[in-house]
Amino acid sequence: MKCWDAKVENRPTAKELYEILKKWNEIQYKDNKIHSQMKKYEEIRKSKLENRLNISENLKIHPQAIYTSRFLNFKNLPELVNSSDLLSFQINLAYSFRMF
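To convert, note that position 72 of the sequence shown is 298 in the working numbering; the numbers rise steadily by one, no gaps.
Derived from the structure by calculation, the hints contain no laboratory data.
Just to be clear, a hint being listed does not mean it is correct.
Unchecked claim - Listed below are the simulated SDA-like cross-link pairs for lysine to any residue, each with C-alpha atoms no more than 25 Å apart in a straight line:
hint: 1; residue 1: K301; residue 2: A291
hint: 2; residue 1: K248; residue 2: K259
hint: 3; residue 1: K249; residue 2: I260
hint: 4; residue 1: K265; residue 2: L275
hint: 5; residue 1: K259; residue 2: L247
hint: 6; residue 1: K286; residue 2: L275
hint: 7; residue 1: K265; residue 2: K286
hint: 8; residue 1: K266; residue 2: N251
hint: 9; residue 1: K248; residue 2: H261
hint: 10; residue 1: K241; residue 2: I253
hint: 11; residue 1: K249; residue 2: K259
hint: 12; residue 1: K259; residue 2: K241
As the list claims (entries may be wrong) - Per label pair, the in silico range of CB-to-CB distance:
hint: 13; residue 1: H261; residue 2: A291; range: 58 to 66 Å
hint: 14; residue 1: K249; residue 2: R271; range: 22 to 30 Å
hint: 15; residue 1: K241; residue 2: R278; range: 30 to 38 Å
hint: 16; residue 1: E276; residue 2: E245; range: 22 to 30 Å
hint: 17; residue 1: K259; residue 2: R237; range: 35 to 43 Å
hint: 18; residue 1: L279; residue 2: I246; range: 34 to 42 Å
hint: 19; residue 1: T294; residue 2: N251; range: 51 to 59 Å
hint: 20; residue 1: K259; residue 2: S295; range: 31 to 39 Å
hint: 21; residue 1: F297; residue 2: Y267; range: 44 to 52 Å
hint: 22; residue 1: L279; residue 2: L303; range: 37 to 45 Å
hint: 23; residue 1: C229; residue 2: S262; range: 28 to 36 Å
hint: 24; residue 1: E268; residue 2: P289; range: 38 to 46 Å
hint: 25; residue 1: N299; residue 2: R278; range: 36 to 44 Å
hint: 26; residue 1: E245; residue 2: K266; range: 21 to 29 Å
Yeah, the Cβ is synthetic: ideal placement off N, Cα and C, and Gly gets one too.
Could you put together the complete structure from these sequences and hints?
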């Protein structure tokens with residue numbers, strides 16, 4: 227019952243507690259199938275992450291690629307339609323398809 231000792235000096239440090247709990251955890255899960263699967267998964271995840279980082283470092287920038295903003299040519303755009311003109315077009319279209 228070191229943790230409950232009245233004298234602070236006799237109590238374990240946070241690091242000591244961490245090491246004790248870590249050992250208990252390792253003993254408990256040493257032969258556990260799920261624990262071994264989780265450990266294997268973590269190793270695979272780390273290796274894939276390292277591979278991804280290596281791939282991104284090896285990517286080359288294309289010399290002809292344009293990475294800055296530039297003016298675009300809008301000369302051949304269709305004529306603008308005002309919303310009121312569009313509304314009348316829709317209404318006329320709806321009436322033209324009515325069957326009597």
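Fill in: Which numbered hints fail
7, 12, 13 and 20
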